[in-house]
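Position 32, counted from 1, in the sequence shown is what UniProt numbering calls 32; the numbers after and before it change by one each time, with no gaps.
Because the hints were derived from the structure by calculation, they are not lab data.
Incorrect hints may have been included.
Straight-line C-alpha distance at most 27 Å; calculated DSSO-like pairs for lysine-lysine [as the list claims (entries may be wrong)]: (1) Lys65 <-> Lys78; (2) Lys78 <-> Lys50; (3) Lys65 <-> Lys50; (4) Lys101 <-> Lys78; (5) Lys71 <-> Lys86; (6) Lys50 <-> Lys66; (7) Lys50 <-> Lys101; (8) Lys65 <-> Lys86; (9) Lys50 <-> Lys71.
It should be emphasised that the depicted structure is a prediction, and the values quoted were computed from it without experimental measurement.
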Amino acid sequence: MQTKSPFKGVIHGAEYPFAVGVHIFGTYEMDQEDYLVRNTMITAFGNFVKTSNPSTQNLRWPLLKKGDRLKSVHIGVKSFVETEPKHIMQRLHFWDSLSSKHNFSQIQGFPTLKT
1 MQTKSPFKGV IHGAEYPFAV GVHIFGTYEM DQEDYLVRNT MITAFGNFVK TSNPSTQNLR
61 WPLLKKGDRL KSVHIGVKSF VETEPKHIMQ RLHFWDSLSS KHNFSQIQGF PTLKT
């Protein structure tokens, strides 16, 4: 058994060990910080199921309304909300540029930077 996850950052499926205890990329021992992240995730999921609001005691999950600036919730040892995170905005601009330059049709009703 590995003592730490072999990955740095977030990968597809990275939430499984925290949310449901399933390790899809091998097994490793969770440390105290991992358990803090797990508690935040489980509390947020539970609150969302019970109240439709995933906010926790230490993390206020922002309500997103049409016309609002994009907000991203980072769940970690120190969870936080970031407005218009650069890495996400760059990706959104890329997809919007495809639409403009190449008549790329986006999924109907899916919000874009222009809506």
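Practice prompt. List, from low to high, the hint numbers that the structure doesn't satisfy.
Written response: 4 and 7
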